[in-house]
Amino acid sequence: MTAPMPPVLAVEGLSVEFRTARGVVRAVDDLSFTIGEGETVAIVGESGSGKSTAAMAMLRLIADPPGRIVAGSIRLDGQELLTLDDASLRRVRGRQIAMIFQDPMMALNPIYTIERQIGEVLRLHLGVGRAEAFAQTVELLRLVGVPAPEDRARQYPHNLSGGMRQRVMIAMALACRPRLLIADEPTTALDVTVQAQVLELIQELKTRLGMAVLLITHDLGVVAETAHRVIVMYTGGKVEEATAGQLFADPRHPYTQGLLQAAKWEESDGVELREIPGTVPSPFAMPTGCSFAPRCAAVVPRCQTDRPALTEILPGRPVRCFVAQGAAR
Amino acid sequence: MNGLALFWRRYRRNRGAVAGAATLALVVVAALVGPLLYPVDPFDMVGRPSQPPFGRFPLGTDVAGRDVLAGILNGARISLVIGILASLAATLLGVLVGAIAGYYGGRIDDMLMRVTEFFLTIPSFVLAVVVVAIFQPTVMTVTCAIAIVSWPSVARLARGEFIAQRDREYVKGCRAIGMPDWEIILLQIMPNALPPVIVVSSLMVATAILTESGLSFLGLGDPNLVSWGYMIGVARTVLRTAWWMAAIPGAMILVTVLAINLVGEGLNDALNPKLRRR
Numbered sequence: 001m002t003a004p005m006p007p008v009l010a011v012e013g014l015s016v017e018f019r020t021a022r023g024v025v026r027a028v029d030d031l032s033f034t035i036g037e038g039e040t041v042a043i044v045g046e047s048g049s050g051k052s053t054a055a056m057a058m059l060r061l062i063a064d065p066p067g068r069i070v071a072g073s074i075r076l077d078g079q080e081l082l083t084l085d086d087a088s089l090r091r092v093r094g095r096q097i098a099m100i101f102q103d104p105m106m107a108l109n110p111i112y113t114i115e116r117q118i119g120e121v122l123r124l125h126l127g128v129g130r131a132e133a134f135a136q137t138v139e140l141l142r143l144v145g146v147p148a149p150e151d152r153a154r155q156y157p158h159n160l161s162g163g164m165r166q167r168v169m170i171a172m173a174l175a176c177r178p179r180l181l182i183a184d185e186p187t188t189a190l191d192v193t194v195q196a197q198v199l200e201l202i203q204e205l206k207t208r209l210g211m212a213v214l215l216i217t218h219d220l221g222v223v224a225e226t227a228h229r230v231i232v233m234y235t236g237g238k239v240e241e242a243t244a245g246q247l248f249a250d251p252r253h254p255y256t257q258g259l260l261q262a263a264k265w266e267e268s269d270g271v272e273l274r275e276i277p278g279t280v281p282s283p284f285a286m287p288t289g290c291s292f293a294p295r296c297a298a299v300v301p302r303c304q305t306d307r308p309a310l311t312e313i314l315p316g317r318p319v320r321c322f323v324a325q326g327a328a329r
Numbered sequence: 001m002n003g004l005a006l007f008w009r010r011y012r013r014n015r016g017a018v019a020g021a022a023t024l025a026l027v028v029v030a031a032l033v034g035p036l037l038y039p040v041d042p043f044d045m046v047g048r049p050s051q052p053p054f055g056r057f058p059l060g061t062d063v064a065g066r067d068v069l070a071g072i073l074n075g076a077r078i079s080l081v082i083g084i085l086a087s088l089a090a091t092l093l094g095v096l097v098g099a100i101a102g103y104y105g106g107r108i109d110d111m112l113m114r115v116t117e118f119f120l121t122i123p124s125f126v127l128a129v130v131v132v133a134i135f136q137p138t139v140m141t142v143t144c145a146i147a148i149v150s151w152p153s154v155a156r157l158a159r160g161e162f163i164a165q166r167d168r169e170y171v172k173g174c175r176a177i178g179m180p181d182w183e184i185i186l187l188q189i190m191p192n193a194l195p196p197v198i199v200v201s202s203l204m205v206a207t208a209i210l211t212e213s214g215l216s217f218l219g220l221g222d223p224n225l226v227s228w229g230y231m232i233g234v235a236r237t238v239l240r241t242a243w244w245m246a247a248i249p250g251a252m253i254l255v256t257v258l259a260i261n262l263v264g265e266g267l268n269d270a271l272n273p274k275l276r277r278r
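Chains as they are written, first to last, in our numbering: chain A, 1 to 329; chain X, 1 to 278.
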């Protein structure tokens, strides 16, 4: 199931730190992954797992200060993004990598029309004129399934429903036919019925435009429907990676197992909710051993003292857990 | 436009603001056409000194026999021009400093805010006096002096607004599509941050008029122009025998400043609808 072509995005050893009044916090720790053309990779994890920070890092959108990418490499079609100067970086943003944000209510500027905001992307990157921008905007709105696009284009964000606004966001993201689309919780703020439509739309457009998609979510239902491969993150690090099929059928990391257990409850009535006990440890008081050890049901003594490495237990199945690796003493 | 109609509907709800706008309009008209309809040189000695109002001259004469009405009309020009120009200059400078400090944050913010605080800690009127005293007192220097003492409050306000807007998703969105910083600051955040700034800078016109009057009262106004503060300063010595001489320009200052404040309140109601319900 590996991508046959060279990856669109190759991330290696990415580490992001935040300097706070209480000390330095490592929000993303040594994260590596690749996404191929036409492939959807999902990053899942609880709040505070570093998944959104990782997504922001792809576009170097982390506010500095307090945040900083301290190590690693992010290559888009072989081009290193972390060493780009500001002007070149601006040409990548929106043109080659586009992003959809969590809250479509907030991600549009309230004072400008839809036409103006989508047109902005076209103007910045393709240098098109007003009339041409309007025509393309209408075309994009039609592509993402906005009814009466000519009228909608002239309206303001507050005239549109949440689902419509998210479609506008997607249209904006697709304006320059990006190579990589980053969707940070694209459906969290939407109704369930609209969620399905938006996900379907992203899938369909991905196939049609041959993009790579990085999906950030905590919703395993979304993952099951859309992702080829899944990366599970916990306290800033990858704890498990697998194809979606493998992950749902045979989760190896106790954290992944816990997540799936907790998610199952939603589907079947009568089953007792099996949540993962405890909470994500404070970044200022990380356990010395495995960061999941305090909440882990399968914990062994070694977990308290040593940090497990990310090791492939099967080809293409790295897991960061002594028990799963069979290395528990 | 639709927005303008909405603005007017909200503004109109505040009765005081409408009255203030009407009064202010009257003062503006007086300043614009008054000296043309009543073409008397305010520095000419036209009659016996210290005449009371409603005699040969509508508002009497001052200690040097100059026509008070001519002074009031010409003074309105100076007060308004200096008030508005100083407020504009202060707003421009303040917004620029505040926007940069708020948007970039970090060390740039620290540096700019220390400078701002430096100006805030100096008593503003004293600083204005010093600035005018160092340079020649002209309309230009008086305007600059008032702007120099007024911008820090705007800077602080604008900074706050920019900090509030900077982390909003639409700003992230703009950065994510590769928009340069200056465009984000000027075209994206600015229109959202401006309403409270407009309110404050409209109120600043009133303060500027007061400061200008204070400077003129102390003899630090432009010597070639009559202003209300200057007239009060001249009348100071005869306050007990000819109180009206100081009272008339004083009342003009009071009415104008009050009107501007009412207009500012109205703008606040119309532009910040969230704060309106008290």
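Quick caveat, the hints were computed from the structure, so don't treat them as lab data.
Be aware that one or more of the hints could be misleading.
To spell it out: a stretch of chain X is covered by chain A in this simulated footprint if at least three of its residues, at any positions, have a beta carbon under 8 Å from a beta carbon of chain A; those stretches are [stated by the list, open to error]:
hint, stretch
1, 78-85
2, 117-123
3, 212-222
Cβ pair distances, simulated, as ranges [as the list claims (entries may be wrong)]:
hint, chain 1, residue 1, chain 2, residue 2, range
4, A, Leu89, X, Gly16, 27 to 33 Å
5, A, Arg91, X, Ala5, 39 to 45 Å
6, X, Phe119, A, Gly127, 29 to 35 Å
7, X, Val255, A, Asp151, 45 to 51 Å
8, A, Arg91, X, Leu92, 28 to 34 Å
9, A, Pro277, X, Pro195, 57 to 63 Å
10, A, Gln155, X, Ala247, 55 to 61 Å
Simulated pairs of lysine to aspartate or glutamate, EDC-like, Cα-Cα distance not exceeding 16 Å [what the hints assert, rightly or not]:
hint, chain 1, residue 1, chain 2, residue 2
11, A, Lys206, A, Glu37
12, X, Lys172, X, Glu183
13, A, Lys206, A, Glu225
14, X, Lys172, A, Glu225
15, X, Lys172, A, Glu185
16, X, Lys172, A, Asp64
Built from N, CA and C at the ideal position, the CB exists for glycine as well.
Structure-inconsistent hints, enumerated in ascending order: 1, 2, 3, 4, 6, 9 and 14
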